[in-house]
Amino acid sequence: MPTNQRTATDARVDVRKTYKLYIGGKFPRSESGRSYEVLDGRGRFLANASQGSRKDARDAVVAARAAFPKWAGATAYNRGQVLYRVAEVMEGRRAQFVAEVRASEGLTERRAEAVVNAAIDRWVWYAGWTDKLAQVLGGLNPVAGPYFDISAPEPTGVVGVLAPQRSSLLGLVSVVAPVIASGNTAVVLTSELRPLPAITLSEALATSDVPGGVVNLITGRTAEVAPWIASHRDVNAIDLAGAAEAEGIAWGDLELAAAENLKRVVRPAGEGSDAVEPDWTRTPDMSRMTAFLETKTVWHPKGR
Amino acid sequence: MAKFEYAPAPESRAVVDLAPSYGLFINGEFTESQGGSAFKTVNPATEEVLSEVTDASAADVDRAVAAARRAYNGVWGRMSGADRGKYLFRIARILQERAREFAVLETLDNGKPIKESRDVDVPLAAAHFFYHAGWADKLEYAGLGTNPRAHGVVGQVIPWNFPLLMLAWKIAPALATGNTVVLKPAETTPLTALLFADVVQQADLPPGVVNIVTGAGATGQAIVDHPDIDKLAFTGSTGVGKMIARSIAGTRKKATLELGGKAANIIFEDAAIDQAVEGIVNGIFFNQGHVCCAGSRLLVQENIAEDLERRLKRRLQTLRVGDPLDKNTDVGAINSKAQLSRITELTAAGEAEGAERWDNGCELPAKGFWFRPTVFTGVSQGHRIAQEEIFGPVLSVLTFRTPQEAVAKANNTPYGLSAGVWTEKGSRILWMADQLRAGVVWANTFNKFDPTSPFGGYKESGYGREGGRHGLSAYVTTESNG
Numbered sequence: 001m002p003t004n005q006r007t008a009t010d011a012r013v014d015v016r017k018t019y020k021l022y023i024g025g026k027f028p029r030s031e032s033g034r035s036y037e038v039l040d041g042r043g044r045f046l047a048n049a050s051q052g053s054r055k056d057a058r059d060a061v062v063a064a065r066a067a068f069p070k071w072a073g074a075t076a077y078n079r080g081q082v083l084y085r086v087a088e089v090m091e092g093r094r095a096q097f098v099a100e101v102r103a104s105e106g107l108t109e110r111r112a113e114a115v116v117n118a119a120i121d122r123w124v125w126y127a128g129w130t131d132k133l134a135q136v137l138g139g140l141n142p143v144a145g146p147y148f149d150i151s152a153p154e155p156t157g158v159v160g161v162l163a164p165q166r167s168s169l170l171g172l173v174s175v176v177a178p179v180i181a182s183g184n185t186a187v188v189l190t191s192e193l194r195p196l197p198a199i200t201l202s203e204a205l206a207t208s209d210v211p212g213g214v215v216n217l218i219t220g221r222t223a224e225v226a227p228w229i230a231s232h233r234d235v236n237a238i239d240l241a242g243a244a245e246a247e248g249i250a251w252g253d254l255e256l257a258a259a260e261n262l263k264r265v266v267r268p269a270g271e272g273s274d275a276v277e278p279d280w281t282r283t284p285d286m287s288r289m290t291a292f293l294e295t296k297t298v299w300h301p302k303g304r
Numbered sequence: 001m002a003k004f005e006y007a008p009a010p011e012s013r014a015v016v017d018l019a020p021s022y023g024l025f026i027n028g029e030f031t032e033s034q035g036g037s038a039f040k041t042v043n044p045a046t047e048e049v050l051s052e053v054t055d056a057s058a059a060d061v062d063r064a065v066a067a068a069r070r071a072y073n074g075v076w077g078r079m080s081g082a083d084r085g086k087y088l089f090r091i092a093r094i095l096q097e098r099a100r101e102f103a104v105l106e107t108l109d110n111g112k113p114i115k116e117s118r119d120v121d122v123p124l125a126a127a128h129f130f131y132h133a134g135w136a137d138k139l140e141y142a143g144l145g146t147n148p149r150a151h152g153v154v155g156q157v158i159p160w161n162f163p164l165l166m167l168a169w170k171i172a173p174a175l176a177t178g179n180t181v182v183l184k185p186a187e188t189t190p191l192t193a194l195l196f197a198d199v200v201q202q203a204d205l206p207p208g209v210v211n212i213v214t215g216a217g218a219t220g221q222a223i224v225d226h227p228d229i230d231k232l233a234f235t236g237s238t239g240v241g242k243m244i245a246r247s248i249a250g251t252r253k254k255a256t257l258e259l260g261g262k263a264a265n266i267i268f269e270d271a272a273i274d275q276a277v278e279g280i281v282n283g284i285f286f287n288q289g290h291v292c293c294a295g296s297r298l299l300v301q302e303n304i305a306e307d308l309e310r311r312l313k314r315r316l317q318t319l320r321v322g323d324p325l326d327k328n329t330d331v332g333a334i335n336s337k338a339q340l341s342r343i344t345e346l347t348a349a350g351e352a353e354g355a356e357r358w359d360n361g362c363e364l365p366a367k368g369f370w371f372r373p374t375v376f377t378g379v380s381q382g383h384r385i386a387q388e389e390i391f392g393p394v395l396s397v398l399t400f401r402t403p404q405e406a407v408a409k410a411n412n413t414p415y416g417l418s419a420g421v422w423t424e425k426g427s428r429i430l431w432m433a434d435q436l437r438a439g440v441v442w443a444n445t446f447n448k449f450d451p452t453s454p455f456g457g458y459k460e461s462g463y464g465r466e467g468g469r470h471g472l473s474a475y476v477t478t479e480s481n482g
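In the order they appear, the protein sequences are chains A and B.
Numbering-wise, the first sequence is residues 1 to 304 according to the working numbering.
Numbering-wise, the second sequence is residues 1 to 482 according to the working numbering.
Take these hints with a grain of salt, some might be off.
Dumping the calculated DSS-like pairs for lysine-lysine here, alpha-carbon to alpha-carbon at most 30 Å [said to hold, decoys possible]:
id, chain 1, residue 1, chain 2, residue 2
1, B, Lys254, A, Lys132
2, B, Lys337, B, Lys367
3, B, Lys337, B, Lys242
4, A, Lys302, B, Lys409
5, A, Lys302, B, Lys327
6, B, Lys425, A, Lys70
7, A, Lys302, B, Lys425
8, B, Lys242, A, Lys55
9, B, Lys40, B, Lys337
10, B, Lys115, A, Lys302
11, A, Lys17, A, Lys55
12, B, Lys115, A, Lys70
13, A, Lys132, A, Lys302
14, A, Lys302, B, Lys313
15, B, Lys337, B, Lys115
16, A, Lys132, B, Lys138
17, B, Lys242, A, Lys132
18, B, Lys313, B, Lys254
19, B, Lys327, B, Lys448
20, B, Lys448, B, Lys242
21, B, Lys337, B, Lys313
22, A, Lys132, A, Lys70
23, B, Lys448, A, Lys302
24, B, Lys448, B, Lys425
25, B, Lys253, B, Lys138
26, B, Lys448, A, Lys132
What the hints contain is simulated information worked out from the structure, not anything from laboratory work.
The model shown is predicted, which means the values in this text are computed figures rather than measured ones.
Generate coordinates for the entire structure from the input sequences, incorporating the hints supplied.
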């Protein structure tokens with residue numbers, strides 16, 4: 001990330017990063033060729049980010065769908081290790097995440113560190129869930145007859161995620177980790193104004209054994225891209241967390257579009273039509289995992 | 001094959017005492033409609049008018065919701081779980097005591113064979129109340145989250161294929177968790193719900209905890225749109241389910257939707273063939289095929305297809321189609337004229353698109369709505385009869401060669417409610433069960449239901465589960481940390 005400080009004549013000219021999208025395990029620019037300026041907490045230029053388009057979103061859905069069978073079919077133990085690996089890789093890049101969160105969210109160094117710590121710990125928390133879900137949420141059903149009858153959770157499929165607008169890293173991890181922990185794949189629209197930590201997270205994902213296509217990240221204008229994800233027929237569910245404080249979005253419109261193929265919808269926090277961004281530092285519960293799980297029940301007769 | 005001759009064995013309908021007309025059950029008593037009209041409900045097996053029921057107006061729905069809200073705030077929402085449970089146990093017992101009456105009435109109003117209403121619908125309805133009664137004071141053990149609490153007032157709209165059973169699936173978990181209810185039975189099958197109101201009175205359930213409003217689509221829409229409804233539970237078509245999802249978009253209303261299906265029933269070459277034939281028959285001809293999870297697409301491994309079709313057709317010739325009140329009847333009447341036209345239209349499309357049509361050639365009664373058990377062979381995936389829910393006694397037969405192909409064909413549908421697998425190979429059953437994108441997988445059996453067993457679909461078959469611990473979760477909110 002750029003330092004925004006004029007380099008002294010005797011200092012090295014730093015190599016700045018190009019922030020791109022993350023689709024199917026690759027880092028393309030937006031097919032639209034567009035970018036937009038990202039500013040820091042005080043309004044100073046940080047970087048140009050790719051301004052993702054409808055086509056980028058559709059490409060991301062294709063990548064997520066292609067990645068789904070293998071990721072859903074991986075052992076829970078394997079998924080747990082992969083998620084834990086994300087935490088490890090983030091830990092190794094703490095300084096970069098702290099600097100980016102600090103710049104993006106306008107936090108003090110200490111606050112930014114606390115946020116990054118919490119984000120890393122969140123991966124660890126969800127990593128530990130992958131091989132617990134089936135036992136906690138499933139089990140044998142004592143039916144009144146000579147049948148073996150068992151229920152277990154399964155991932156619902158491709159999940160669209162509107163990442164929180166304010167909490168650019170902790171909020172992002174808090175909505176993405178529960179989606180993929182259980183075997184779903186994700187198409188994520190990052191925070192519109194604070195997209196840089198998300199792109200750095202995608203670099204962590206790409207080097208953490210998360211298979212390409214399991215998480216796809218699109219930066220850009222939430223109001224422009226979100227409707228295409230909400231109405232996409234090959235998306236099974238959508239988390240509308242990032243509709244809170246997103247410019248030009250009524251989350252009810254997105255839920256309306258999502259009804260066309262009966263997506264599972266997680267509404268943003270808040271009362272009535274208001275949407276607020278929750279406090280992501282609170283310890284999560286299972287609700288963001290269960291929202292994207294299906295229960296499958298299998299019957300078989302018993303007999304000699 | 002020589003058939004046994006059966007003497008008629010009709011169940012007596014004397015046990016049923018029908019009123020010429022019914023009002024709406026609101027706040028614990030039957031009341032007149034405000035501004036609504038009336039419509040007749042007929043016996044689909046004879047077209048005889050059974051009674052006249054109310055087409056509830058939006059004002060009626062408003063009264064029912066207000067009664068439910070008062071009951072929730074005043075009594076039911078505050079009552080101990082143990083006491084709520086005792087009321088539900090009472091209801092379960094009364095349903096058992098009056099089982100014959102409910103079974104006969106269900107068969108009269110719905111057209112389903114008495115042996116099904118007697119042996120499946122009514123006992124399962126009682127079992128659902130008995131099961132959920134026990135949960136009422138144990139919700140904190142259900143693993144639903146921190147401090148599970150009722151939503152408040154629940155609006156419930158149910159279909160005509162299992163009228164009393166669907167009522168039980170809806171009302172039992174709602175009441176066990178402390179919600180109060182406004183329920184609309186289907187337009188063509190309102191009578192067992194109205195008789196259930198009598199059970200509610202006998203159980204001395206506090207007024208307003210259960211309200212029954214009869215009517216058609218507009219009445220259902222009034223429930224869905226009512227601002228004081230906290231949660232909706234709907235079983236019915238995917239089309240209406242989507243309308244409901246659209247109606248509540250942008251609100252804080254919760255919903256569970258149990259919608260359509262187009263289940264694959266998959267028969268491998270090593271299946272126990274005679275058991276599989278019985279399973280196929282049960283899968284699609286149970287309840288005249290008016291079953292959302294019916295095994296309407298038969299996928300047969302290619303090398304046994306000819307043999308299986310021959311055995312299946314021979315078996316179908318022994319099915320007894322006719323008077324639903326006759327205890328020997330296997331297949332009863334189609335529930336309504338409208339449904340009969342839908343089945344007729346889709347089967348005509350099946351022929352027009354080139355599939356080969358066969359029916360069992362049985363005699364059909366002169367009056368009423370009837371359709372012969374029908375099998376289409378040579379069906380391909382693009383045919384309407386392979387894609388659309390027929391909701392009638394019509395089976396479409398497709399073939400496959402490999403397990404992978406069976407999975408691909410089975411999952412090639414926007415629905416995902418149920419599936420069947422028939423093979424004697426255990427590892428293949430488990431592999432198939434993993435691969436099938438459906439909420440219920442029946443292996444070497446079909447169409448089994450139990451209050452402890454979660455039921456519900458993937459994809460466009462809706463969301464949420466009914467039954468078991470999972471079904472409870474749809475009726476409570478827990479403290480969420482986002």
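Do the hints match the structure? See the list:
1. Lys254/B with Lys132/A: Holds: lysine 254/B and lysine 132/A sit about 27 Å apart, inside 30 Å.
2. Lys337/B with Lys367/B: holds (11 Å)
3. Lys337/B with Lys242/B: Given that 30 Å is the threshold and the Cα spacing comes to 25 Å, the pair holds.
4. Lys302/A with Lys409/B: holds (28 Å)
5. Lys302/A with Lys327/B: holds (28 Å)
6. Lys425/B with Lys70/A: Roughly 24 Å between the alpha carbons, so the hint for lysine 425/B and lysine 70/A holds.
7. Lys302/A with Lys425/B: OK: lysine 302/A and lysine 425/B at ~14 Å, within 30 Å.
8. Lys242/B with Lys55/A: At roughly 26 Å apart (the allowed maximum being 30 Å), lysine 55/A and lysine 242/B satisfy the hint.
9. Lys40/B with Lys337/B: holds (14 Å)
10. Lys115/B with Lys302/A: holds (24 Å)
11. Lys17/A with Lys55/A: holds (24 Å)
12. Lys115/B with Lys70/A: Violated, because 46 Å separates the two Cα atoms, which is more than 30 Å.
13. Lys132/A with Lys302/A: With a Cα-Cα distance of about 28 Å, the restraint between lysine 132/A and lysine 302/A holds, given a limit of 30 Å.
14. Lys302/A with Lys313/B: Roughly 28 Å between the alpha carbons, so the hint for lysine 302/A and lysine 313/B holds.
15. Lys337/B with Lys115/B: Holds, at about 23 Å.
16. Lys132/A with Lys138/B: Status holds; Cα separation ~23 Å.
17. Lys242/B with Lys132/A: violated (33 Å)
18. Lys313/B with Lys254/B: violated (45 Å)
19. Lys327/B with Lys448/B: Distance ~21 Å between lysine 327/B and lysine 448/B Cα, so the pair holds.
20. Lys448/B with Lys242/B: Roughly 27 Å between the alpha carbons, so the hint for lysine 448/B and lysine 242/B holds.
21. Lys337/B with Lys313/B: Measuring from Cα to Cα gives roughly 27 Å; hence the hint holds.
22. Lys132/A with Lys70/A: holds (19 Å)
23. Lys448/B with Lys302/A: holds (13 Å)
24. Lys448/B with Lys425/B: holds (21 Å)
25. Lys253/B with Lys138/B: holds (25 Å)
26. Lys448/B with Lys132/A: holds (28 Å)
In summary, the structure is inconsistent with hints 12, 17 and 18 from the numbered list given earlier, while agreeing with the others.
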